[in-house]
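Let the sequences and hints guide you as you build the complete structure.
Using the working numbering, the first residue of the first sequence is number -10, and each one after it goes up by one.
Warning: the hint list may mix true and false statements.
Stated by the list, open to error - Restricting the straight-line Cα-Cα distance to at most 25 angstroms, the calculated cross-link-like pairs of lysine to any residue (SDA-like) are:
id: 1; residue 1: 1; residue 2: 14
id: 2; residue 1: 108; residue 2: 27
id: 3; residue 1: 49; residue 2: 2
id: 4; residue 1: 1; residue 2: 28
Claimed, not checked - Label pairs and their computed distance ranges (CB to CB):
id: 5; residue 1: -9; residue 2: 63; range: 19 to 27 angstroms
id: 6; residue 1: 117; residue 2: 198; range: 33 to 41 angstroms
id: 7; residue 1: 49; residue 2: 117; range: 21 to 29 angstroms
Since the hints were made in silico from the structure, they are not lab data. Beta carbons: idealized from backbone N, C-alpha and C, even for Gly.
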Amino acid sequence: MRIATFNINGIKARGDVLARWLDESKPDVAVLQEIKSIDANVPRALIEDRGYHLETHGQKGFNGVAILSRTPLTDVRRGLPGDDGDEQARWIEATVGDAGGLRVCGLYLPNGNPAPGPKFDYKLAWMARMQAHAKTLLTQEVPLVLAGDYNVIPQPDDAARPEAWAKDALFLPESRAAFRRLLALGFYDAVRLRHPESGIYSFWDYQAGAWSRNDGIRIDHLLLSPQAADRLRDAWVETGPRGWDKPSDHTPVWADLDL
DNA sequence: ATGGTGGGGATCCCA
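Right, dumping it as structure tokens:
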């Protein structure tokens, strides 16, 4: 089964890209971020007509996440636990297939800029909540994938120009340390497992010709529980959609699991 | 050092 994460930067503006991507790349499961739409305005037919079940956790204007699956989704959770006052739609999770099957979490981790400041504080607090929840999920000892836009550049090799990001919330030591604490729970970075080489990116800014100059960063990740990592066949970044008309500034990241 | 682009929705925020 092939699972992908794709920050589409506006599901209403990205209809053509989303339809083409589903038709050509045919994910079995996909998590989407930054749908920037309330649930009622998501173009459901575009997705369901292509054979997908769809669960959304939308928000007006910003954020918003979704899970698509060829097989039914059950036991859906919306929102990251740990702060009932958090109104931002950045987390959705569901089970694919039978109980004991694959648990998929789709996440849009806060950007955190400018740092320091309240947005950076929110990012770090959100990552602490995610760590606590991820630790709980691991106790189930099932194949589990935490997939999404982490807004974290884990290592200098994950940026074409790491020096340009030195003071950015995506690359500050606190953000990277929080990402390492997630990994230290026992997760595996799927793309890094299969691609130790540098130059693997998932985001290129719209500005200053970043795509044409390949001035990218790797911030979209699939973290695998040990039970999922045991089943990992391959993982990769699909760069093609970044070059399409009216693209997202992110491109899909994939894992193929023997499930 | 500056300004460069894009989505969403409201005349500015967020990335």
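For each hint given before, does the structure comply? Return the numbers of the non-compliant ones in rising order. The structure breaks none of the hints.
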